[in-house]
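This is what each chain is made of:
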Amino acid sequence: MIDMRVDIGGVKLKNPVLVSSGTFGFGKEYSKFYDLNLLGGVAVKGITLKPRKGNKPPRIMETPAGILNSVGLENPGLDVFIEKELPFLKKYSVPIIANISGNTIEEYSLMAKELNDHVDLIELNVSCPNVKEGGIAFGTKSDSVYEVTKEVRKNCSIPIIVKLSPNVTDITEMALAAEEAGADCISLINTIMGMAIDIENRKPYFHNIVAGLSGPAVKPISLRMVWQVAQKVNIPVIGMGGISNWQDAIEFMMAGADAISIGTANFYNPLAPIEVLEGIEKYMVENGISNLSEIKINGGVK
Amino acid sequence: MQRDICRILSNHKVTGNIYKMVIESRIISKKALPGQFIHIKPGDGYDPLLRRPISICDLDADNSQVTLLYRVCGKGTRLFTHTKTGDFLDVLGPLGNGFPIFHSKRVAIIGGGIGIAPLLYLSKELIEAEVYLGFRDETYMIEDFMKYSDNISIYTEDGSKGNKGYPIEALERNIRSYDVVYACGPKIMLRAVKNLCEENHIECYISMEERMGCGIGACLVCACESSSNEEYKKVCTDGPVFNSKEVNLDD
Chain X
1065 MIDMRVDIGG VKLKNPVLVS SGTFGFGKEY SKFYDLNLLG GVAVKGITLK PRKGNKPPRI
1125 METPAGILNS VGLENPGLDV FIEKELPFLK KYSVPIIANI SGNTIEEYSL MAKELNDHVD
1185 LIELNVSCPN VKEGGIAFGT KSDSVYEVTK EVRKNCSIPI IVKLSPNVTD ITEMALAAEE
1245 AGADCISLIN TIMGMAIDIE NRKPYFHNIV AGLSGPAVKP ISLRMVWQVA QKVNIPVIGM
1305 GGISNWQDAI EFMMAGADAI SIGTANFYNP LAPIEVLEGI EKYMVENGIS NLSEIKINGG
1365 VK
Chain B
26 MQRDICRILS NHKVTGNIYK MVIESRIISK KALPGQFIHI KPGDGYDPLL RRPISICDLD
86 ADNSQVTLLY RVCGKGTRLF THTKTGDFLD VLGPLGNGFP IFHSKRVAII GGGIGIAPLL
146 YLSKELIEAE VYLGFRDETY MIEDFMKYSD NISIYTEDGS KGNKGYPIEA LERNIRSYDV
206 VYACGPKIML RAVKNLCEEN HIECYISMEE RMGCGIGACL VCACESSSNE EYKKVCTDGP
266 VFNSKEVNLD D
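Chains as they are written, first to last, in this note's numbering: chain X, 1065 to 1366; chain B, 26 to 276.
One chain only, chain B, in its complex shape (with noise of 0.2 angstroms):
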């Protein structure tokens, strides 16, 4: 874990209110895994006071980049925004526990709106995984994950780019195929991934996504409900990665 001041080498718009952020750093383009995030501290004054939980989307290690991709949801993402190619952000990172990988196995991904962020760095290293992302009408990102990935179907809930539906409709059909699934996305969605996979004994991660303070361990406040319902894990370092048996996702 470290603390690094890093440039902005790119921010941009990708479509409605979700931007792609390339920033430098030598130290997390090296050392990330699918699956972590990084601690942003939007702005440097108190209000927002602390930092924000984005995932890595992407990495150059050559070329010290590190890509984020962010949905503007508040006072601190809409901060984000603001920044400009040149500025510098306090970055924590890299943070929590990555997606374990398992290259010997058939695995699908499976992402819904934001939560396809993680999954784009996650389908680099598994370039053999089947592919589901879903989304409510606009689609991103998708040219990107087609450089790692021949194998990816995409949905939208009304039917104007790729297939009419949800990407669990798709993965419910073929899941036996599967050994592991991977999925970041909606609570709604983890739930149901997390139910089939259940079911039909497979292997199933999820990225969690909690409200943060420290990002560490040490404040306590992303509590998730454990599948035990004795103990609540935390969200950056007990996560934001879970075999999907440790967490209850009911309401």
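Bound-form chain X, shown alone (with noise of 0.2 angstroms):
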């Protein structure tokens, strides 16, 4: 008998495979293709305070065995989440883990307040590249992630997930301000900033220059970093960037990861995370181990 829980903050995840924020929308389009209750978690679509139209496009490009994107948070608002678009997925058993973006400390604290008796867990976005206010400015100062982690543990008495940028020079100050302030759990990463030219108009190719890059291209940092996370921290950690089938997920999980979540690859594969789950089951079975954490090298290290 293998055990896949995974325990974040109190919350026992069934399964260690998430979906991640952003692409995943509230849960709706994917419940078409599977029964939501098989996935260990969802993370929905980023929300902010007040509805947000996001930005203009165009909003995606495809890049070698990735994609940039430049939604820019569109979403809204955390009323209109919680009275139109929760309730959908509350009618699973599964966790719900609220994203949430905010332009000052304040909002990130009242929106955790007022998801506190909505949803299952919070994960503080400090890492969207694609808004010019909030989102990744508070996620590249390992004092201002101290300090909203901290504002938001005051508010809310449900399990916190930090989500973290790569686009920093040292991505444990940040996981190890956020555990400091009373993180439950690291997610990494975000999109990593990228570019992309319009060489015939010789113009960015995006409104705001910058956009988000993910995919299976961004997999080895992203591995990297949550190697190097999961070294200095003694919170679960969230592993996510480019994962693409149950083989990425192993890696994650051998590089220190308590639980993987399932991005960009649900665009092109609707079925990713079932895939993914059914391969690490698999290899639990051939390779005799029953327990989660029995996969991490050296048991995990710590």
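Worth flagging that the hints you see were computed from the coordinates, not collected in a lab. Quick caveat: nothing in here was measured; it's all calculated off a predicted structure. Glycine is no exception: its CB is placed at the ideal position from the N, C-alpha and C atoms. Incorrect hints may appear among the rest.
As the list claims (entries may be wrong) - Under 7 angstroms between C-beta atoms, here's a sample of chain X residues computed to sit facing chain B: (1) 1088; (2) 1093; (3) 1121; (4) 1126; (5) 1128; (6) 1135; (7) 1279.
Two chains, two frames, a set of hints: combine them into the complex.
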């Protein structure tokens, strides 16, 4: 009998396969392909206090084995999310992770407070590269990661995941700041800042100039960062960034991830999370592994 | 919405960079409406990564056949040209909203270039429609349209085939004889059709194109400005067919 359960700050995930914010809408779309209860958890599209229209198109550019996106946190705002979008997901027993972004620390706190009774976990997005204010501005300095996490901690009782940006010199500093401020879990990575140029018009392809790179192309970077962070922190780590199949997922677990999340792969393979889950299960059975933590190299280097 | 592994029944060049492919899919051929699309994975690797949205050009439900017309414009569509009869494609669909069908109204269909693709199946459903098709120089699929419609006029920019000029010019002359206009083609044409219909208070449905990610409404990248300018529409699930009044086509 294999045990795939993962504990994130007291919330029990039935397995380690999550889906990443911004790649899964509010769940409805993918529910047509499989039962969402099969997942370990669902991180919903990033929410802000007020509705956001998002960035002017174009919003996507395909790159070798990846995509650049510039969606810019288009979302209906906190109230509409709670009233209109959340009830669908609540019909399932799958843990819901609300991903939130604020322009100020007060906005993060207010949203966390409001969401406390509606969702299972909160993921602080301090790493969106596609908005002018907030987002990544909080995630590239360890003292602001600390401050925003600390304030949100005071305002909610459900577990807090801090989603880190790879666009920093030393990601372990951010992870340690989040842990010290009371985060229950670290998730990484958000997209890597990239750019594309339209050579015919001699202009940046995106109106925002920079955009976020994701997909298989970023996997070696995300894997390295998960390894670095897992060495340093004593809280669970959710690894993500280009995971496309179960072999990738096992790599992340060996690097120290307690759970993994599927992002861009949902776009080209809607069944990716289920295929990954089945692959991990099979790998465990074939290798006589009964508990997920045994997958970590050296039984988890911490 | 389904994921289907479809066998390719034929795939060949029509003219220039325009190709026609017929695939086998019982589900899509039974369920798809005119104006819907399918999302096809080019190759099975990570480069190119994303699926490609391709309009359904025609269907044969009895034989489980789905006809696609596509223009080679990048890595993904070029890979499609390398696939052969008997190969398999990973397909999602049918996706998006089709054209609303009005049988008792006087209707016109206008298409430009590769935008004619979804209009063939539409003209099959609306055999009474008057069809205006425009091309740069080479015309294609005309005989297929002639199977379904007796009233087709052809335009080319250089006048090498059919009439010289643009189909919008003819539509403009006859606009008062229609209740509904359906359009698919380059944005500049769609904008002209939208303006023409709205000025004349004629119902107008346009099929839009945008780069897509998931194709099912989750990733929000295929955004199109709505007429209120307050929000973006998703071309994949709010469209690809829109009432012209829903969308803003200004640059």
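Outcome of the hint check:
1. The beta carbon of residue 1088 of chain X comes within 6 angstroms of a beta carbon in chain B, closer than 7 angstroms, and the hint placing it at the interface holds.
2. Annotation: interface hint on residue 1093 of chain X holds; nearest CB of chain B at approximately 4 angstroms, less than 7 angstroms.
3. This hint holds: residue 1121 of chain X has a C-beta 5 angstroms from the nearest C-beta of chain B, less than the 7 angstroms allowed.
4. For the restraint placing residue 1126 of chain X at the interface with chain B, the shortest Cβ-Cβ distance is roughly 6 angstroms, inside the 7 angstroms limit, so the hint holds.
5. Hint on residue 1128 of chain X holds. Least Cβ distance to chain B is approximately 5 angstroms, under the 7 angstroms limit.
6. With a cut of 7 angstroms, the hint placing residue 1135 of chain X at the interface with chain B holds, because the nearest CB-to-CB distance is about 5 angstroms.
7. The interface hint given for residue 1279 of chain X holds, since its Cβ lies 6 angstroms from the closest Cβ of chain B, which is under the 7 angstroms cut-off.
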